[in-house]
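Trainee: What follows is the residue order along each chain.
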Amino acid sequence: MMLAPFDPSAAIGGGILIGLSAVLLLALNGRIAGISNLLGGLVGAPAADVPWRLLFLAGLVAGVAVFQGATGVVPAARAAFPPWLLAAGGLLVGFGTSLGNGCTSGHGVCGLGRLSLRSLVAVLVFLATGVVTAMIVRHGFGVA
Amino acid sequence: MARLLVSIAAGLLFGVGLVLSGMTRPARVLGFLDPLGAWDPTLLFVLGGAVGVTLVAFRFVLRRPAPVLAMRFQLPESTRIDRPLVAGAALFGVGWGITGYCPGPGIALLASPTWETWVFLPAMLVGIAAHRGFAARGQGAVPQETPIASSAQV
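Top line first, the protein sequences correspond to chains Z and W. According to this note's numbering, the first sequence is numbered sequentially starting from 1. According to this note's numbering, the second sequence is numbered sequentially starting from 145.
Don't read these hints as lab results, they were simulated from the structure. C-beta atoms are modelled at their ideal positions from N, C-alpha and C, and glycine is treated no differently. Check each hint, because a few of them may be wrong.
Partial list, derived from the structure: chain Z residues whose beta carbon lies under 8 Å from chain W [said to hold, decoys possible]:
| no. | residue |
| --- | --- |
| 1 | 12 |
| 2 | 13 |
| 3 | 14 |
| 4 | 20 |
| 5 | 21 |
| 6 | 31 |
| 7 | 33 |
| 8 | 68 |
| 9 | 72 |
| 10 | 91 |
| 11 | 93 |
| 12 | 110 |
| 13 | 135 |
| 14 | 141 |
Build out the structure end to end from the sequences listed, making use of the hints.
Mentor: Structure, rendered in structure tokens:
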């Protein structure tokens with residue numbers, strides 16, 4: 001199998017920071033750092049429950065912006081990617097994470113950390129459909 | 145007030161972790177999901193690093209009676225492997241495999257917006273709102289994090 005060039009130390013280091021973020025939020029505030037639930041909870045949540053969610057999301061965006069500013073590396077948009085396909089994918093990501101009550105952070109980072117069987121099932125399922133879909137879209141339809 | 149500062153700090157850490165690890169780049173994520181091309185193992189290392197930390201630290205955190213700054217831990221209540229869980233995860237995986245974005249990197253798109261930001265993000269929010277609309281009208285069961293006792297669920 002051919003491997004793409006990658007940086008294992010940056011990947012593990014970044015993963016550790018994400019894990020520490022989840023530990024910080026749970027240990028101090030008692031909350032799960034799951035992005036889809038953080039977002040979904042903005043709608044129809046008690047007013048007192050909104051600010052911390054917004055601040056976490058603002059912090060996330062700021063962290064990315066500061067890092068990109070410091071390194072000068074900003075990802076370019078995919079010029080050839082069909083916008084309708086990106087929109088369809090976005091709909092599925094939103095609907096699916098809301099229905100399944102979690103995403104890669106909630107079920108993956110936090111749920112696996114809690115040894116939740118429910119989260120393990122969710123992770124295996126979205127990895128499986130993700131792999132099949134990525135292969136079909138990229139090789140069946142030649143979209144990249 | 146202290147809790148809000150913790151939220152910002154945790155968000156910052158999360159964002160830096162995402163971008164440092166390369167997970168804000170859909171090419172890396174799709175390179176992992178698609179083993180037919182040159183396979184990119186990055187995501188495995190990221191998830192390994194993150195779960196390595198939570199797996200160890202959550203043991204100690206959830207042994208405490210309550211979090212430091214709040215009355216109680218608010219953890220997901222359900223432990224059932226049910227149809228919404230599997231169907232939701234399956235649909236999410238399809239969207240993830242198409243776009244290379246899960247919700248975290250989707251939000252991170254706001255840091256340096258391109259056309260992808262203004263297509264993916266609104267679509268994801270509409271998807272969330274659509275499900276919550278269905279759930280509110282249908283079974284009256286919008287998923288919520290419900291406060292329960294602090295014991296870790298094994």
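Trainee: Hint check: is the beta carbon of residue 14 (chain Z) less than 8 Å from a beta carbon of chain W?
Mentor: Nearest chain W Cβ about 2 Å off; hint holds.
Trainee: Go through the hint on residue 33 (chain Z) and say holds or violated, using the shortest Cβ distance to chain W against 8 Å.
Mentor: With a closest approach of 6 Å, the residue 33 (chain Z) hint holds.
Trainee: With 8 Å as the cut and Cβ atoms as the points, is residue 141 (chain Z) at the interface with chain W?
Mentor: Since the shortest Cβ distance to chain W is 10 Å, the answer is violated.
Trainee: Do the numbers back the hint for residue 93 (chain Z), that is, is its least Cβ distance to chain W under 8 Å?
Mentor: holds, 4 Å
Trainee: Mind checking the CB of residue 135 (chain Z) against every CB in chain W and telling me if the closest is under 8 Å?
Mentor: With a closest approach of 5 Å, the residue 135 (chain Z) hint holds.
Trainee: Hey, does the residue 31 (chain Z) contact hint survive, CB to chain W under 8 Å?
Mentor: Holds, because the Cβ-Cβ distance from residue 31 (chain Z) to chain W comes to roughly 6 Å (cut-off 8 Å).
Trainee: Against chain W, is residue 68 (chain Z) within 8 Å by beta-carbon distance?
Mentor: holds, 6 Å
Trainee: Holds or violated: is the Cβ of residue 72 (chain Z) closer than 8 Å to a Cβ in chain W?
Mentor: violated, 11 Å
Trainee: For the hint on residue 91 (chain Z), just tell me whether its beta-carbon gets within less than 8 Å of chain W.
Mentor: At 4 Å from the nearest chain W Cβ, residue 91 (chain Z) passes the 8 Å test, so the hint holds.
Trainee: With a cut-off of 8 Å, does the beta carbon of residue 13 (chain Z) approach a beta carbon of chain W closely enough for the hint to hold?
Mentor: holds, 6 Å
Trainee: Is the interface hint for residue 110 (chain Z) satisfied, with its Cβ closer than 8 Å to some Cβ of chain W?
Mentor: holds, 6 Å
Trainee: Closer than 8 Å between Cβ atoms is the bar; does residue 20 (chain Z) clear it against chain W? Give me holds or violated.
Mentor: holds, 6 Å
In this structure, the hints that do not hold are numbers 9 and 14, in rising order.
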